[in-house]
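Q: Going by the numbering used here, the first residue of the sequence shown is number 473, and it counts up by one from there.
Hints in this document: simulated from the structure, not taken from any laboratory. One or more of the hints may lead you astray.
To be verified - Under the rule of at most 16 Å between Cα atoms (straight-line distance), these lysine to aspartate or glutamate pairs were calculated in the EDC-like manner:
#: 1; residue 1: K542; residue 2: D555
#: 2; residue 1: K544; residue 2: E584
#: 3; residue 1: K542; residue 2: E584
#: 4; residue 1: K542; residue 2: E565
#: 5; residue 1: K544; residue 2: D578
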Amino acid sequence: MKLTRRTLLIRAAGLMPMATYGLAWVSTGCSPSGSHCYDPELLSTPEQALRTSLGYVDVSPHDGSGSSGKLKECGDCHFFRVDQQSRNCGHCEIVNGSVAFGGYCDSWSVQEVG
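Between the sequences and the hints, there should be enough to build the whole structure, so can you do that?
A: Okay, structure coming up:
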């Protein structure tokens, strides 16, 4: 059977949905930060309210390019304890629950060294 350009394009088009699904699956599982550390729908109303009042976000807006020049992420916060199962997640003593390593909230406090 001769492989023509038309046949190749038809076969490639058939693989596109699988490739798209695969990339979406990999990107959500390999994300360095994000709500894969906890399920927002399983948080109680008080837990959601606490996170909202603290301004918690899964991805820190403080990337080090601002006026302070400092990177501020949960992973560098005094109240963060790394999860040994997943280095991208951890436990926050302030929100008393799982947070993303790359997250941020208004109660962020520099982790003391030494």
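Q: Within a Cα-Cα threshold of 16 Å, do K542 and E565 meet the stated pairing?
A: 22 Å, violated
Q: Could you grab the alpha-carbon distance between K544 and D578 and see if it respects the 16 Å cut-off?
A: Holds - the C-alpha atoms of D578 and K544 are around 10 Å apart, at most 16 Å.
Q: Check whether the Cα positions of K542 and E584 lie no farther apart than 16 Å.
A: 15 Å, holds
Q: For the pair supplied as a hint, K544 and E584, is the alpha-carbon distance within the 16 Å limit?
A: 13 Å, holds
Q: Quickly compare the C-alpha distance for K542 and D555 to 16 Å and report which way the hint goes.
A: Answer violated: K542 to D555 is near 24 Å, above 16 Å.
Consistency note: the structure conflicts with the earlier hints numbered 1, 4.
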